[in-house]
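Top line first, the protein sequences correspond to chains R and W. At position 139 of the first sequence the residue is numbered 124 (the working numbering), and the sequence of numbers has no breaks. At position 123 of the second sequence the residue is numbered 108 (the working numbering), and the sequence of numbers has no breaks.
Keep in mind that the hints were calculated from the coordinates and are not lab data. It cannot be assumed that every hint is accurate.
Claimed, not checked - The calculated DSS-like cross-link candidates involving lysine-lysine, where the alpha carbons are at most 25 Å apart (straight line), are:
1. W/K634 with R/K573
2. R/K465 with W/K638
3. R/K709 with W/K507
4. W/K634 with R/K638
Claimed, not checked - Across the chosen pairs, the derived CB separations fall in these ranges:
5. W/S417 with R/P617: 26 to 34 Å
6. R/K474 with W/S787: 57 to 65 Å
7. R/R174 with W/Q701: 38 to 46 Å
8. R/L580 with W/E782: 32 to 40 Å
9. W/P215 with R/K578: 41 to 49 Å
10. R/S379 with W/E782: 33 to 41 Å
Treat the numbers as computed from the prediction; the structure is a model and nothing was measured. Quick reminder that beta carbons are idealized off the backbone N, C-alpha and C, glycines included.
Number of protein chains: 2
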Amino acid sequence: METKFVYSFEEGNQAMREILGGKGANLAQMKHMGLPVPAGFTISTQACAEYYGNNKKLPQPIISQIEEYMLKLEQSSQKKFADPKNPLLVSVRSGARVSMPGMMDTILNLGLNDEVLEGLAKKTKNRRFALDSYRRFIQMFSNVVMGMDCKDFEDIIENVKKSKGIELDVELDEADLENIIKQFKQYYRYHKKCEFPSSPKVQLIEAVEAVFRSRNTPRAIYYRQLNDIPSDWGTAVNVQMMVFGNMGKQSGTGVLFTRNASTGENNLFGEFLMNAQGEDVVAGIRTPSPIADLNKIMPKIYEKLKKICDILENHYKDMQDVEFTVEEGKLYILQTRNGKRTPFAALKIACDLVSEGKISKQEAVQMIDPNSLDALLHPRFDKQKLEKLSPIASGLAASPGAACGKVVFCSKDAIYGAQNGDKVVLVRSETSPEDIEGMNSAQGVLTMRGGMTSHAAVVARGMGKCCICGCAGIKVDEEKNFVEISGKKYTKGDYISLDGLTGNVYGEAISTVDAKISGYFKTIMDWADEIARLKVRANADTPRDARQAVCFGAKGVGLCRTEHMFFDSDRIRVMRQMIVSETEKQRKDALNKLLPIQQKDFEKIYEALEEKPVTIRLLDPPLHEFVPQKRPQQERLAQDMGVSLDEIKSRVKSLREFNPMMGHRGCRLAITYPEIAVMQTTAIINAAINVSKKHPDWNLVPEIMIPLVGDVKELQHVKKVIVKTADSLIKSTKIKLKYVVGTMIEVPRAALTANEIAKDAEFFSFGTNDLTQMTYGLSRDDSSKFLKDYYSKKIYEHDPFSKLDKDGVGKLVEIASELGRKTRPNICLGVCGEHGADPESIEFFDSIGLDYVSCSPYRVPVARLAAAQASIKNKNLRIL
Amino acid sequence: METKFVYSFEEGNQAMREILGGKGANLAQMKHMGLPVPAGFTISTQACAEYYGNNKKLPQPIISQIEEYMLKLEQSSQKKFADPKNPLLVSVRSGARVSMPGMMDTILNLGLNDEVLEGLAKKTKNRRFALDSYRRFIQMFSNVVMGMDCKDFEDIIENVKKSKGIELDVELDEADLENIIKQFKQYYRYHKKCEFPSSPKVQLIEAVEAVFRSRNTPRAIYYRQLNDIPSDWGTAVNVQMMVFGNMGKQSGTGVLFTRNASTGENNLFGEFLMNAQGEDVVAGIRTPSPIADLNKIMPKIYEKLKKICDILENHYKDMQDVEFTVEEGKLYILQTRNGKRTPFAALKIACDLVSEGKISKQEAVQMIDPNSLDALLHPRFDKQKLEKLSPIASGLAASPGAACGKVVFCSKDAIYGAQNGDKVVLVRSETSPEDIEGMNSAQGVLTMRGGMTSHAAVVARGMGKCCICGCAGIKVDEEKNFVEISGKKYTKGDYISLDGLTGNVYGEAISTVDAKISGYFKTIMDWADEIARLKVRANADTPRDARQAVCFGAKGVGLCRTEHMFFDSDRIRVMRQMIVSETEKQRKDALNKLLPIQQKDFEKIYEALEEKPVTIRLLDPPLHEFVPQKRPQQERLAQDMGVSLDEIKSRVKSLREFNPMMGHRGCRLAITYPEIAVMQTTAIINAAINVSKKHPDWNLVPEIMIPLVGDVKELQHVKKVIVKTADSLIKSTKIKLKYVVGTMIEVPRAALTANEIAKDAEFFSFGTNDLTQMTYGLSRDDSSKFLKDYYSKKIYEHDPFSKLDKDGVGKLVEIASELGRKTRPNICLGVCGEHGADPESIEFFDSIGLDYVSCSPYRVPVARLAAAQASIKNKNLRIL
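Given the sequences, and given the hints that come with them, work out the whole structure.
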């Protein structure tokens, strides 16, 4: 049997989105619901694939089916395509499964030529309308199908208006329009070296092919990549009988949302224009009227429209974005789809729909895009103020939030500024681990170089700090202490503002407001927690992070990176002494200085979490990250240690590694220097003892985590050191403190031998960042350079560090979970990589039954919502 | 039931090696065979484990069993332990499953004290003999059990001899021996603060515990590690009735090999001493006589011994190392074991045993340690000359062979020297990739720094070039062109010699002889090839390597690393131009210059291999490895390119990576710069076309290999480039050339998704070096620094880069093989990492059914033999 490529609206329905595209499926659905939809048909997404498979030419069988359905359309409309006596005009519109910017959208009035024009004029007794339709068609076809610049056509119209001294399109008379049409055609002939196609059939096929072609524009490709839309999803094409909003005073056209897209309030929200076609509303030449005014002009139409909106909302169970046209007093619905809305409006609408009884809590939770919450979680600029300003530069929106402060160019100045109560913005060519304290002291960070996974970006996201990276338009001169932006120099103390949501930089101070979870946001989050099986913890390295995490609803700390506690300027000096120590004695002396500092931090973190679990990871990064690379700091360290600069230099050199990511780090440090593990265990256990004494009713159970284990023997060795230290400390008090020892699973070998490792690990925490690096053999710090080629050549659809690779890395996580549970059925399994905040990855983690994900505090609400959605999708529901 | 820890010789047999140790099992076996073995029993290796499990004290049940068996021994010997009237003396000897140096070996005459001494004197009517036995016992017990220095006891004897003016021990009379015994006891008391133990029972238990203790001496631990003996294998202890070779003129003792251990000739080979105990033969104070002389002194004993040797050889089917004692004209056999022999002797003995009909070819092939062949494959020094010389320094024996030549300190001089027919030795602090050509030109390489896996070591092993690394005793001054060794300066042009087998450096010229496979060696290799299922290919990057590989019996080239072809000084300049090119045009120009050079190399390699398969890998390493880091070369490159030095510097800087091992390399290069893959494919295919034209009867099928694939889409993308290029070249000739495209599996993700990858890969080659790095998250270049802690703390037993980790890396290889075969049942599977030359790893690769291993040419015979042994063990026999 021949494949079916064309479907009339009567043949389709809402569920056929994959074949008909979103627009086509909804048109068919509305037809079924008896709504006033002009007749038409949809050419399927499979036809698109055939087009590409056939060397970008529409195969004959598809053309035949289109012709067949045009005949049917002629019958149902009782008009005839290309027939001047009773002409059928159609619109041709794209309709992908998800709509994409950059894709061809609409051609109206297709089917006109010089003869049909005259027929239409005669039949409608409105020659001006016919001419207006014809000039619109030529313009749209030339632009959208033939790729000519729209502006050139607008210029022709402008010149005609100028020469007549008129301002509005509606003031153009028939002669003017005839003149314009003539000039359009001349212009077309001049550029295309051929006549404008007069055959409606040719126009139709060309238009269909143009829609298919447009899904491969660079903008559409970029959009798919950005939004994780598979590149092989085709688009459909809708061909529909024209109805005319430009047929006179009883005609008009408009777009509306069934609720306020900005605030979520339950009122029709939109605009319309009388005597106009669709594009006039968007073009902004005539100012459209608010939708409420339609009630005054055509109250019956308004009532009917309102009723249809209700029907659509009830049916789709969501706020709708509706296009309509009124042709000589008759209302037509041209499109409906779920309406885009601000994150705030989304929360209110979801809650309202529940209280209106239209949807369940589960459906409400499913309606919100978890990633959209990001915008609600960081300090923001006042939107109204922002709209009046122009950015002076623009970079990668690496970490959301808003920052405003005085420019500083080094961490020292940032820290000094913060200590003196100044708000500062740290501007650097790029940041290094030495900048962490400076970044922490600053309101936000702006770098000239580095991508979405650069040091600045990753650290800032972890801190929930606003950050714009890779802002190539600025020139930072750190030595002379200035930055040049758009030709203007900004020196230390000048105000700038960063919008981490857009990547825009502003050359003045803009005030910000803080985020909190309350109202509708809180309601949705509470529902999410009720539904989710997977728990959400936070990665928190400082007491401040820990408090923020609890505030955002974290159920514990899944990862406390103890090394981040050492970057503070006082501490790093002692840390450096520890590292360059030549003897165990020297090292122990330095560790003894670090012990009370670290213990105090742990106490504060336990206090913040109350008795919720806290997983503390022993020192992980290569030691060279801590030692100074620059001469002044090296000199200082030499002084502190009472050794020569040369000795310091040689020690720093000896720490250098070819591939530090796979070098002397993680548990390998504790194996070489067990005294570090002893100090850290002492701090963890003593802190827990102190806090337990203060809160005798708490059941505090510290979780000690050993990083980078690849072999059970590594784990056993380090665990022995921990247990010996911890048990002797606990024995010396009266407190009955419990603690557990577990491991990161972040090296493929650990996953493959997890049955062995589980013998000694009481929990696994999947470090999916490192696991991704090792599984792909891909250095996160180096990959951005060549991954862009991977995207452009369609080898990767997205960054494996942002979205978990289920086939490879995910397989290892699954293998390890199974092996681990086989050995220790009640083993606690969590994830603490960046993927713990990615909704799609969370869905996967839920599907394989992990116990929790852990992410940066500012992503906790995102993860909570994603966890609930995952539970629903995977039917891992806590309550139903 | 109580565990049995003690076995009389009658209760054991040869097969009980694991429980009884090698020595005990053989003693039991000889007992069964009716050979004259003095009665005794063995305390099992499990007792050893119990001892360690019981806090290093022998548990009471074991002591009871020992006492029980001592009673039995008294019955069978009709003597009584600790009874002066009819004393039973015993020897106590260790007996691990494999013998280890550093382990306590033997205590003779145990059971003596002052009273028993007198009883023994009376019973044997030989007081001198009794005194001699007593002083030997005190000396051995003090040394071996109590850890006192043997030399101190020898000094006492020496002083007595000096004061009497005598030279030989046998000249000591009874009074002298009494005097010595007195002084021994005084000395013991002084040092141990207690009396020498007089209770034979105490002596026995102390001796047993000392044996168990001795298996944890640093030397024994090191030996286990070096020889891959699991650290939890215990040792057994043998307690045996003494027979006395020191009882007078009709007594004696000796050791012999049933064949010549040095040449393999079929004659008894060994030595004996009359009127002596075992240790005298080894001690070297009296010169023993050659075994043949025994025929003159005691012809009947000699005949009997010869007959026993025949029986033992026939039984054990191997040359034996036998200890015997004659007590008053009666022959006793004290030990037999397979004798150690030189690699050459091993080959001859194996062949001879086959022709004598004693063993099969399979058994012969199993007798040879594949690793021992190494010594036969590299040029060697004349052994006799070497023995007369003293080394001036000693380093790590990183790559075997012998090198003799004039010292040079830089690659340029090495190349220049070689071009002028000089033999040179390259001496450097350490080598870098820029030294490759220099290393290739030199006879051998000596470095001051770097371990067994340093650049110099790895590259040299790959080249089959003699190399000594990490020779800390030398001081290299590369700027002033001298090296100081043992206080003497050697400047450019001075001769030195390197012995890569021992790590010794000599300060003069020593002539070398070349290796070849002939005679017995060839016979064994031919048998191995008949038996082996697994094929052996070679890693060969140059025509010279390829010829060497064929010479050593390689069945193809499994890995031709095209990058090594670019290190030649002319070529690297063009290569550098290619790398620093800013435009595709510049890059293509440089590639066009490289094309004919590479094509010529491929032609020569195909010619060398005749029609055997050649797998050529596309460019793999990060480009920064090729660009110059030093100013003069950078200046030169700037000149060559006609750009500024700053531009070169900035380009070199931009190529720098944090973790180059996981950076822009492998197929990632071909994705960014497809023109490189086009050039290489062109060279590969054109070369094959040319060679096929020259040899129309050959069926040449080039195998093109894509490195570092982690996702099938990477493979598809690069394969498309290759196929397009290759097909168009083939189309333009009349030759019907076939070629195949496959991939390295060296990234865990590739292994995990091998079912997908096999859709497009016609073969897999496991790159187990990289796969080990990624699976462990362990950088090969950085790990030596901390792996030593892993060995000392018993976390790793051996280097995972030398011996395949079956549990982790091996699991991935197995997963990938299964998945690959599921998609493509006839897929060709090989290994091209360093593990391809390791016998134990080869056994694993054979067990999972891979098709071939590939290793450096100089390891090919090792791998061929190992493959045959693997086939036998895994019953993967080709012929039976």
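Hint by hint, here is what the structure shows:
1. About 43 Å separates the Cα atoms of W/K634 and R/K573, which puts this hinted pair outside 25 Å; it is violated.
2. Only pairs whose Cα atoms come within 25 Å are accepted, and R/K465 paired with W/K638 is accepted, the gap being roughly 23 Å.
3. For the hint pairing R/K709 with W/K507, the CA-to-CA distance comes to about 59 Å; that exceeds 25 Å, so the pair is violated.
4. For a cut-off of 25 Å, the pair hint linking W/K634 to R/K638 stands: about 22 Å separates their Cα positions.
5. At about 31 Å, the CB distance of W/S417 to R/P617 agrees with the hint of 26 to 34 Å.
6. Look at R/K474 against W/S787: about 59 Å separates their beta carbons, and that is inside 57 to 65 Å.
7. At about 45 Å, the CB distance of R/R174 to W/Q701 agrees with the hint of 38 to 46 Å.
8. Take R/L580 and W/E782: their Cβ atoms lie about 35 Å apart, and the range 32 to 40 Å holds.
9. Here the CB-CB span from W/P215 to R/K578 is close to 43 Å, well matched to the stated 41 to 49 Å.
10. Checked against the hint of 33 to 41 Å, the pair R/S379 and W/E782 fails, with Cβ atoms roughly 57 Å apart.
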